[in-house]
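**Student:** Residue strings, one per chain:
Protein chains: 2
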Amino acid sequence: MGNKKKETADSGRADKKTIGLTVKKSENISEWYTQVVIKSEMADYSPVSGCMVLKPYSYEIWENIQRVLDAEFKATGHKNAYFPLLIPESLLMKEKEHIEGFSPEVAWVTEAGNHKLNERLAIRPTSETIIYDSYSRWVRSWRDLPLLINQWCSVVRWEFKYPRPFLRTREFLWQEGHTVHASKEEAEEEVVKMLHIYKNFVEEYLAVPVFEGRKTESEKFAGAEYTLTIESLMPDGKALQMGTSHHLGQNFSKPFNIQFLDRDEKKRYAWQTSWGVSTRMIGGMILVHGDDKGLVLPPRIAPVQAVIIPILFKGAEGDILKYSNELYDALKEKGVRVLLDDSDYTAGWKFHEWELKGVPLRVEAGPRDIKEGKAVIVRRDTGERISVGKKALAGRVVSLLGEIQSAMLERARKRVNEHMIKVDNLNDFKDAIKRGMMVKAYCSLSSDCEEKIKEETGATPRLIPLSEYGKKRDEPCVICGKKPTTLVYFARAY
Amino acid sequence: MGNKKKETADSGRADKKTIGLTVKKSENISEWYTQVVIKSEMADYSPVSGCMVLKPYSYEIWENIQRVLDAEFKATGHKNAYFPLLIPESLLMKEKEHIEGFSPEVAWVTEAGNHKLNERLAIRPTSETIIYDSYSRWVRSWRDLPLLINQWCSVVRWEFKYPRPFLRTREFLWQEGHTVHASKEEAEEEVVKMLHIYKNFVEEYLAVPVFEGRKTESEKFAGAEYTLTIESLMPDGKALQMGTSHHLGQNFSKPFNIQFLDRDEKKRYAWQTSWGVSTRMIGGMILVHGDDKGLVLPPRIAPVQAVIIPILFKGAEGDILKYSNELYDALKEKGVRVLLDDSDYTAGWKFHEWELKGVPLRVEAGPRDIKEGKAVIVRRDTGERISVGKKALAGRVVSLLGEIQSAMLERARKRVNEHMIKVDNLNDFKDAIKRGMMVKAYCSLSSDCEEKIKEETGATPRLIPLSEYGKKRDEPCVICGKKPTTLVYFARAY
Numbered sequence: 003m004g005n006k007k008k009e010t011a012d013s014g015r016a017d018k019k020t021i022g023l024t025v026k027k028s029e030n031i032s033e034w035y036t037q038v039v040i041k042s043e044m045a046d047y048s049p050v051s052g053c054m055v056l057k058p059y060s061y062e063i064w065e066n067i068q069r070v071l072d073a074e075f076k077a078t079g080h081k082n083a084y085f086p087l088l089i090p091e092s093l094l095m096k097e098k099e100h101i102e103g104f105s106p107e108v109a110w111v112t113e114a115g116n117h118k119l120n121e122r123l124a125i126r127p128t129s130e131t132i133i134y135d136s137y138s139r140w141v142r143s144w145r146d147l148p149l150l151i152n153q154w155c156s157v158v159r160w161e162f163k164y165p166r167p168f169l170r171t172r173e174f175l176w177q178e179g180h181t182v183h184a185s186k187e188e189a190e191e192e193v194v195k196m197l198h199i200y201k202n203f204v205e206e207y208l209a210v211p212v213f214e215g216r217k218t219e220s221e222k223f224a225g226a227e228y229t230l231t232i233e234s235l236m237p238d239g240k241a242l243q244m245g246t247s248h249h250l251g252q253n254f255s256k257p258f259n260i261q262f263l264d265r266d267e268k269k270r271y272a273w274q275t276s277w278g279v280s281t282r283m284i285g286g287m288i289l290v291h292g293d294d295k296g297l298v299l300p301p302r303i304a305p306v307q308a309v310i311i312p313i314l315f316k317g318a319e320g321d322i323l324k325y326s327n328e329l330y331d332a333l334k335e336k337g338v339r340v341l342l343d344d345s346d347y348t349a350g351w352k353f354h355e356w357e358l359k360g361v362p363l364r365v366e367a368g369p370r371d372i373k374e375g376k377a378v379i380v381r382r383d384t385g386e387r388i389s390v391g392k393k394a395l396a397g398r399v400v401s402l403l404g405e406i407q408s409a410m411l412e413r414a415r416k417r418v419n420e421h422m423i424k425v426d427n428l429n430d431f432k433d434a435i436k437r438g439m440m441v442k443a444y445c446s447l448s449s450d451c452e453e454k455i456k457e458e459t460g461a462t463p464r465l466i467p468l469s470e471y472g473k474k475r476d477e478p479c480v481i482c483g484k485k486p487t488t489l490v491y492f493a494r495a496y
Numbered sequence: 003m004g005n006k007k008k009e010t011a012d013s014g015r016a017d018k019k020t021i022g023l024t025v026k027k028s029e030n031i032s033e034w035y036t037q038v039v040i041k042s043e044m045a046d047y048s049p050v051s052g053c054m055v056l057k058p059y060s061y062e063i064w065e066n067i068q069r070v071l072d073a074e075f076k077a078t079g080h081k082n083a084y085f086p087l088l089i090p091e092s093l094l095m096k097e098k099e100h101i102e103g104f105s106p107e108v109a110w111v112t113e114a115g116n117h118k119l120n121e122r123l124a125i126r127p128t129s130e131t132i133i134y135d136s137y138s139r140w141v142r143s144w145r146d147l148p149l150l151i152n153q154w155c156s157v158v159r160w161e162f163k164y165p166r167p168f169l170r171t172r173e174f175l176w177q178e179g180h181t182v183h184a185s186k187e188e189a190e191e192e193v194v195k196m197l198h199i200y201k202n203f204v205e206e207y208l209a210v211p212v213f214e215g216r217k218t219e220s221e222k223f224a225g226a227e228y229t230l231t232i233e234s235l236m237p238d239g240k241a242l243q244m245g246t247s248h249h250l251g252q253n254f255s256k257p258f259n260i261q262f263l264d265r266d267e268k269k270r271y272a273w274q275t276s277w278g279v280s281t282r283m284i285g286g287m288i289l290v291h292g293d294d295k296g297l298v299l300p301p302r303i304a305p306v307q308a309v310i311i312p313i314l315f316k317g318a319e320g321d322i323l324k325y326s327n328e329l330y331d332a333l334k335e336k337g338v339r340v341l342l343d344d345s346d347y348t349a350g351w352k353f354h355e356w357e358l359k360g361v362p363l364r365v366e367a368g369p370r371d372i373k374e375g376k377a378v379i380v381r382r383d384t385g386e387r388i389s390v391g392k393k394a395l396a397g398r399v400v401s402l403l404g405e406i407q408s409a410m411l412e413r414a415r416k417r418v419n420e421h422m423i424k425v426d427n428l429n430d431f432k433d434a435i436k437r438g439m440m441v442k443a444y445c446s447l448s449s450d451c452e453e454k455i456k457e458e459t460g461a462t463p464r465l466i467p468l469s470e471y472g473k474k475r476d477e478p479c480v481i482c483g484k485k486p487t488t489l490v491y492f493a494r495a496y
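Chains A and B, in that order, give the protein sequences. Using our numbering, you'd call the opening residue of the first sequence number 3 and step up by one each time. Using our numbering, you'd call the opening residue of the second sequence number 3 and step up by one each time.
Only chain A is shown next, with the shape it has when bound in the complex (with noise of 0.2 Å):
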């Protein structure tokens, strides 16, 4: 029984004088988030400023993300490979507003042993030009396209804004698509699809709904024709971006000389995306559904979908550990992630720490169930209990974790869409603000008036929906009045 225990047994345990969060999450999120993430045991500091450790428990909710994205991206014709974690500060500096946008937060090996190197080596900030420089070899002729390649790795970012684990780190985990086409039509087809597998992921496993949109040209990504974006809003009013898609359109592939032959004998440049997801995605799931017993994961992704918790009775502990490990054998073929905790914690105890740790199931096993031949389940999105027979258990759980994953996705989605506003002047855009919200207006998307936005209200152009980009409206600027406008939702942001 040791062993079932031991399956996603964490360490620290015995050190823990205060398990459970002393702050509310509607009082102070920042507190609140810091408080939960350490005290779930997804992530510790680390002695390098800005660099976390992953433990296990997130680590596990990282793997379950790649296995789910990494078979997307494998069944639309994707391949993983591994470029270079250090790249030549001359290759860096070949696409101009690439460098300039990364250039601030790159960190630079200089030296290895006793020897100062010739030139200043690059820790990958994202590894376009690492990657464009081999593509500029691989690619010769219209038969190697498309080219389609991904890759998982770490990237750092030696930001110097307030660090917060998953939201900001100075180093993350990552996957980067880098793919080469032979048109541009089908490159903004890639840029496209690979968006909709990032939103059909956030939304239906970490059940977090999210917009689909444009960055608008001083949001885009260094060196893109133009970026598009998946971002959510945050119970704190912030918004997050959750992943990006690029069109690179040829602002690489010319700089990099990616040519091939085309199939009437031209020489052509090729067009290119990159898109990526990283760890921050986990940050996103954290705000938008922790309450203030702890972490509360979705059942999808989350490592432990149901913990089975026996109310061991002085004299019938054998009965009640032979009964839960029945129950734990009817989930387990059923394909459940379950745990049986029988640690000699006492029971509300358990309860505590599971809840903490956010398992979206609790079973209960004690004297009275047992007679009964019952069990008892206990939500952990609504807190709601649940007697069910023991034949039932297994199926009951199933149905529940699906119940529960939809949920949590309605959920999120109603509070996100509550918190969306149109406005039409500076006042009620400040106010909406103010108030955590999320704000749709017209804007003329001048400089001046994404300036002015900013300085008044702390708010930045999210997107443009995707459905709206490229029409030009006949309505006025909330800023300046004039037209045409373009619809664009703004919010303060991560």
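Read the hints as simulated data drawn from the structure, not as lab findings. All figures in this text were calculated on a predicted structure; none of them were measured in a lab. Among the hints, a few may not be true.
No distinction is drawn between identical chains; accordingly, a pair holds when it is met within one copy or between any pair of copies.
Straight-line Cα separation of at most 27 Å, DSS-like style, residue types lysine-lysine; simulated pairs [to be verified]:
# : residue 1 : residue 2
1 : Lys118    : Lys163
2 : Lys268    : Lys442
3 : Lys485    : Lys334
4 : Lys76     : Lys352
5 : Lys27     : Lys352
Chain B: place on chain A using the hints.
**Tutor:** Using the frame of chain A, we list chain B on its own:
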């Protein structure tokens, strides 16, 4: 059908003027190795000296390796986590022997953006120090033990020796397990357990026979109490270390202050292990099995296990492709990793290409095969041609894949055994090493004797067989003639 091709299609075909190798393995194995790695599209050079690109074809092998080993690690209670890439210099300095071993090859980050860093940061050459800093906070009580964590990542060792893809690169992919135990015995069990997992994996999946043994003091991991290793003999007569498992004793727990409160309420320093394998294994697999036509991949790890090549004749193309697709579906259904190459290259070109890429089985389907309801299977390892009825094909492919896997290991084992020799004098020692053999000899293991062997023969002590360690033999040392001695395996090494 294009899709079936795409499932494992690689880029760069159109550019290949010369397929096939221009040098024989027996004549110049070093040049042969480089050609086979590059031409089979396993790896490519990069603009960073000593760093390579793992192209999709080798990365798929790495994914297969990860899938199998990761399941083994988890089945033995380990969990994955992720620790920072960068290690502050002061932390790396904490264990004296460790830093002495690694400092000559550490890549240092000294600048970020436009800032000079206050302290140099090492790119991890291995993660003992950064991980044990965390462990010192995580481990408090016997209840927290054993702590069993693994990490998949890349490491950087800025070596100045001649680089070779997979075998020696400045950055490489690996896994590193780091465990903490309450007793020395338990740590020592772990060290052996993980070594066995490595041995079984390398033999059963990569079909490379290895010896298990203990490193001599001169060759052990910097900071370890002792190091266990698996090594194999390559066809060029050099030994290759394929994996190591270190008993760290309390060498790190003391400087890092990893203490736990034991059941008797006394504080004790913990016992630790670390163990790792890397992409270097892929290099060993290539060296052992490849031939003058290119790679020969063991079926259990091959990205493509069988390739179907339609032999197209004018007028019958439709029928042949239809027939080939039926064969494809039959193999797919049996779980074979199969590819149908319906590209418009000639059949002869495709034969060469997939031989170069080492695909274990080729299935040919031409007009006569259709008429007779048959197909021809060709084994990559032996060249044997087998005609088989359509209905029996899938079953036969599956059994052949198993036969090839065993045959490859047996052939490799036979070769290694033929290149092992027991010697009792320096002349025979020199002669054997010259003939590319691994030498067994009794040795005092004094630094003088080790030094003399290295000077005279170029060989170093590779390992003391596990069964021999600790046995003092009443045999004279091959160099100084003194007794007692230890039985040691010597060879030149990668």
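**Student:** Tell me the numbers of any earlier hints that the structure contravenes, in ascending order.
**Tutor:** 2, 3
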